[in-house]
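Participant: Take a look at the letters that make up each chain.
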Amino acid sequence: MTMTTTPAVLALPGPNLALAQADELRDTINSALASGGHRLVLDFGQVRMVDSAILGILISSLRMSVSRGGDLKLAGLHPSVSKILELMRLNRVFDVHTTVESALSAFEP
Amino acid sequence: MILSRPYAITVPSAAESLTVLEGLCEEFLSENADLTEDQALALRLAVLEGCKNAIAQRAAAGRLNMVTVVFNQMHTLDPGEISLEICDPGAGFEVDGLRPSYPESLIGTRFRLASVLEHELIAEVLDRNEVAIHEQPLSRATSALGDRLALIEALDASRRGLGLLSLCRCFGEVRFSYDAQEGNWLRLSVPILGVAAPGA
Numbered sequence: 001m002t003m004t005t006t007p008a009v010l011a012l013p014g015p016n017l018a019l020a021q022a023d024e025l026r027d028t029i030n031s032a033l034a035s036g037g038h039r040l041v042l043d044f045g046q047v048r049m050v051d052s053a054i055l056g057i058l059i060s061s062l063r064m065s066v067s068r069g070g071d072l073k074l075a076g077l078h079p080s081v082s083k084i085l086e087l088m089r090l091n092r093v094f095d096v097h098t099t100v101e102s103a104l105s106a107f108e109p
Numbered sequence: 001m002i003l004s005r006p007y008a009i010t011v012p013s014a015a016e017s018l019t020v021l022e023g024l025c026e027e028f029l030s031e032n033a034d035l036t037e038d039q040a041l042a043l044r045l046a047v048l049e050g051c052k053n054a055i056a057q058r059a060a061a062g063r064l065n066m067v068t069v070v071f072n073q074m075h076t077l078d079p080g081e082i083s084l085e086i087c088d089p090g091a092g093f094e095v096d097g098l099r100p101s102y103p104e105s106l107i108g109t110r111f112r113l114a115s116v117l118e119h120e121l122i123a124e125v126l127d128r129n130e131v132a133i134h135e136q137p138l139s140r141a142t143s144a145l146g147d148r149l150a151l152i153e154a155l156d157a158s159r160r161g162l163g164l165l166s167l168c169r170c171f172g173e174v175r176f177s178y179d180a181q182e183g184n185w186l187r188l189s190v191p192i193l194g195v196a197a198p199g200a
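First to last, the protein sequences are chains R and P.
Heads up, the first sequence is in my numbering, so the first residue is 1 and it goes up one at a time.
Heads up, the second sequence is in my numbering, so the first residue is 1 and it goes up one at a time.
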């Protein structure tokens, strides 16, 4: 996982993100949120599948960032990951963008 | 379309086994290219969710810590159907604090397992060793969650039900059957719409 500038960008490892990666992912997202002032873009470009453990971490991270005035945006979703978000109706709460650049520009300066 | 060979595997109940189980799923999908993308996604998700749950189960006394995954493809009448069965060494699905064999008095009763926003997961005890889980809209209206943070907080509070909910949304119903010798079977099935049955 790699992090860049503020708002933070976190490139997630793929192709499958599941329970085995959950603890590491939670820690990494928390660090990225802290470094980015609770504004974070998660780059899903390499991810093809996510399970409920990962969705739970995303929801918790989103709650943490929004409650502190920030946001967590998702970018570069593979169609299968988009489908899972739609299936779970999480597209109601996550701000999803085609590219990382688009997600970054959606943050207010 | 007949299953050319059995797609079944028994592996140690360990996180490292997930890669092998995912590989079996991909092999099955590659030889069944007429499945829709949604069906393929449902099976991949089921393997991730079902096997994760199975691997987390502790073996009952006298039983090995193994997980078995079976893909069945069958044509009954119309439509055909694919089923995925995952057996873990656990003591069965817990309903109302009880595990199988459930008391006779529970047969036919329904219990709310969890609620996720406007929906809830319901478990119905079918017999002393089998329970079916499905999703249904909440019977009473919830307060309007127009505020984004309120919606997120409500979701965060109901994370525990996400795995089962995802399977219910893909397959319509999730069944757990307990067998004292084999363990706990998770059973999922999905119709293969548009695929003609043999002789049809």
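Read the hints as simulated data drawn from the structure, not as lab findings.
Using N, Cα and C, we set each Cβ at its ideal position, and we do this for glycine too.
One thing to keep in mind: the hints can contain errors.
Rough simulated footprint, nothing fancy, chain R against chain P, three-plus residues with beta-carbon under 8 angstroms [said to hold, decoys possible]:
hint: 1; segment: 20-33
hint: 2; segment: 86-100
hint: 3; segment: 148-154
hint: 4; segment: 158-170
Participant: Given as covered by chain R, does the segment 148-154 of chain P meet the bar of three residues or more with CB within less than 8 angstroms?
Facilitator: holds (count 5)
Participant: So is the segment 158-170 of chain P in contact with chain R by the C-beta rule, three or more residues under 8 angstroms, or is the coverage claim wrong?
Facilitator: holds (count 7)
Participant: Count residues of the segment 20-33 of chain P with a Cβ under 8 angstroms from any Cβ of chain R, then say if the count reaches three.
Facilitator: violated (count 1)
Participant: Taking a Cβ-to-Cβ distance below 8 angstroms as contact, does the segment 86-100 of chain P have at least three residues touching chain R?
Facilitator: With 0 residues close enough to chain R, the hint is violated.
Checked against the numbered hints listed earlier, the structure breaks hints 1, 2; every other hint is satisfied.
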